[in-house]
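Asks: Guided by the hints, dock chain X onto chain H, whose structure is given.
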Amino acid sequence: DTAVSQTPKYLVTQMGNDKSIKCEQNLGHDTMYWYKQDSKKFLKIMFSYNNKELIINETVPNRFSPKSPDKAHLNLHINSLELGDSAVYFCASSPILRPGLDSNEQFFGPGTRLTVL
Amino acid sequence: KNEVEQSPQNLTAQEGEFITINCSYSVGISALHWLQQHPGGGIVSLFMLSSGKKKHGRLIATINIQEKHSSLHITASHPRDSAVYICAVRGFTDKLIFGTGTRLQVFP
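Chains as they are written, first to last, in our numbering: chain H, 1 to 117; chain X, 1001 to 1108.
Simulated from the structure, these hints should not be mistaken for lab results. No false leads were mixed into what you were given.
Here are some of the chain X residues that sit facing chain H, going by a computed Cβ distance under 8 Å:
1. Gly1041
2. Gly1042
3. Ile1043
4. Ile1086
5. Phe1098
6. Gly1101
Chain X is faced by these chain H residues, among others (derived, beta-carbon under 8 Å):
7. Lys41
8. Pro110
9. Gly111
For clarity, every value in this text was computed on a predicted model and none was experimentally measured. Where a beta carbon is used, it is the ideal one built from N, C-alpha and C, also for glycine.
Chain H on its own, in the form it takes in the complex (with noise of 0.2 Å):
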């Protein structure tokens, strides 16, 4: 099936432990997204990765990094964990990034529900 997969779908681990989130997309986009929804269901980008470059950074905690080894995968490396990391961890793509000129609509993986204790 061609789609936006993250694993895992759920994740439940200690304060202070590192984990990774993977995504991986078939559809053959170029740009890569993962969105943060908090408790209050708020989405929030954290990161835009257009043919494994960097384009997006916001503001998130350089305890995240997000690593993409080719245009196909943008996976989520979250060290030293903390209790409000816990969230919902959306991955999404569009297939061209052309901001300003172009309207791209995004596919979204079925998210990571991520529940640090």
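Replies: Relative to the frame of chain H, chain X by itself:
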């Protein structure tokens, strides 16, 4: 104050009713997105528009760039339309700014 405001925050309707969800924004945009988040958590893109009006089945989205306002309409609502509807605007740096969402419940 959020750059993207939605109203109402919560909406309850009877099956068959016509529903309108509003979105106002305060920044310059290149496009506006309407998203649907199902009770299970998945997010689906419904519309992306930069002018005028778009229609998919029972869903209609309109945007007025001068007034910085968009509406999402659902005709002949159905319980399966129950979800959170999220408005998001795309600035000129590809960044999406999200509204707080409108939770819709449609009862049979």
